[in-house]
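Chains as they are written, first to last, in the numbering used here: chain A, 1 to 114; chain B, 1 to 110.
Misleading hints may appear alongside valid ones.
[What the hints assert, rightly or not] SDA-like cross-link-like pairs, simulated, lysine to any residue; straight-line CA separation at most 20 Å:
no., chain 1, residue 1, chain 2, residue 2
1, B, K97, A, K9
2, A, K44, A, K67
3, A, K22, A, G97
4, B, K97, A, M46
5, A, K36, B, S3
6, A, K71, A, K41
7, A, K36, B, A84
8, A, K44, B, A84
9, A, K9, B, G40
10, A, K41, B, E5
11, A, K36, B, S8
These aren't lab readings, by the way, just hints derived from the structure by calculation.
Predicted model only: the values in this text are computed from it and were never measured.
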Amino acid sequence: DTAVSQTPKYLVTQMGNDKSIKCEQNLGHDTMYWYKQDSKKFLKIMFSYNNKELIINETVPNRFSPKSPDKAHLNLHINSLELGDSAVYFCASSLAGTGNSPLHFGNGTRLTVT
Amino acid sequence: GQSLEQPSEVTAVEGAIVQINCTYQTSGFYGLSWYQQHDGGAPTFLSYNGLDGLEETGRFSSFLSRSDSYGYLLLQELQMKDSASYFCAVRNTGGFKTIFGAGTRLFVKA
Chain A
1 DTAVSQTPKY LVTQMGNDKS IKCEQNLGHD TMYWYKQDSK KFLKIMFSYN NKELIINETV
61 PNRFSPKSPD KAHLNLHINS LELGDSAVYF CASSLAGTGN SPLHFGNGTR LTVT
Chain B
1 GQSLEQPSEV TAVEGAIVQI NCTYQTSGFY GLSWYQQHDG GAPTFLSYNG LDGLEETGRF
61 SSFLSRSDSY GYLLLQELQM KDSASYFCAV RNTGGFKTIF GAGTRLFVKA
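From just these sequences and the hints, can you work out the full model?
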């Protein structure tokens, strides 16, 4: 009964390759996110989707292309991987709105680009 | 710009009380939250302050002063398992964007 699940947990690949990370939530939330956590543990928002529509794109290179087939899924495809893409990528979900609706995070995907 | 400032590291002993401060600067504000992250794990939600004052949840309390753009997380009766990183976070942009501070690494010693 995992709330937010993302796969794979680990991804090791070479520069120039293309890879995808999948995310699914069963909490009934309408908003989903991708965050990148670098080696210094800084959590930076990349994308925010509400009901399958892109709301926030935080000046992420267009090599990163999110896709939300429905409001329970948000996938991330990365083209032409670079060394600097190595990080932990977290998917998260919440209810929309301005009140107390905490983010629920998946367990993360550790991406290593060699 | 938008930014949150919190100390990078705090060390305390078991059983003690520790306070982690957070000051923020953001356009639009819908509350201050705190998240805990253990090494190798995912951030998990701890508390939320939408209005000024103190919120208490067990051993953890959180405080907000909107006029000072300041908040803190108070951890009481520290346990070894509290060793983790703690992030303050602010929600803005109509509630669709949550930005995080750089995190405070808490070390609890025996």
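* Given hint B:A84 paired with A:K44 - CA-CA distance at most 20 Å -> Cα-Cα ~19 Å, so holds.
* Is it true that the CA of A:K22 sits at most 20 Å from the CA of A:G97? -> 25 Å, violated
* Would you mind confirming whether the straight-line C-alpha gap from B:K97 to A:M46 stays at or under 20 Å? => The hint holds at about 10 Å.
* Satisfaction of hint between B:G40 and A:K9, Cα-Cα up to 20 Å -> Answer holds: A:K9 to B:G40 is near 11 Å, not above 20 Å.
* To do: For the pair supplied as a hint, B:K97 and A:K9, confirm whether the alpha-carbon distance does not exceed 20 Å.
  => Outside the cut-off at roughly 25 Å; violated.
* **Given pair status - B:S8, A:K36, alpha carbons within 20 Å** => 19 Å, holds
* 20 Å limit on alpha-carbon distance, applied to hinted pair A:K44 and A:K67 -> 19 Å, holds
* To do: For the pair supplied as a hint, A:K41 and B:E5, confirm whether the alpha-carbon distance does not exceed 20 Å.
  => 14 Å, holds
* Would the pair A:K36 and B:A84 pass a check requiring their Cα atoms to be no farther apart than 20 Å? -> 19 Å, holds
* Does the structure keep A:K36 and B:S3 at a Cα separation of 20 Å or less? -> Given pair A:K36, B:S3 holds - Cα atoms ~17 Å apart, limit 20 Å.
* Going straight from one Cα to the other, do A:K71 and A:K41 come out at no more than 20 Å? -> Roughly 28 Å between the alpha carbons, so the hint for A:K71 and A:K41 is violated.
The structure fails hints 1, 3, 6 (numbered hints given earlier, in ascending order).
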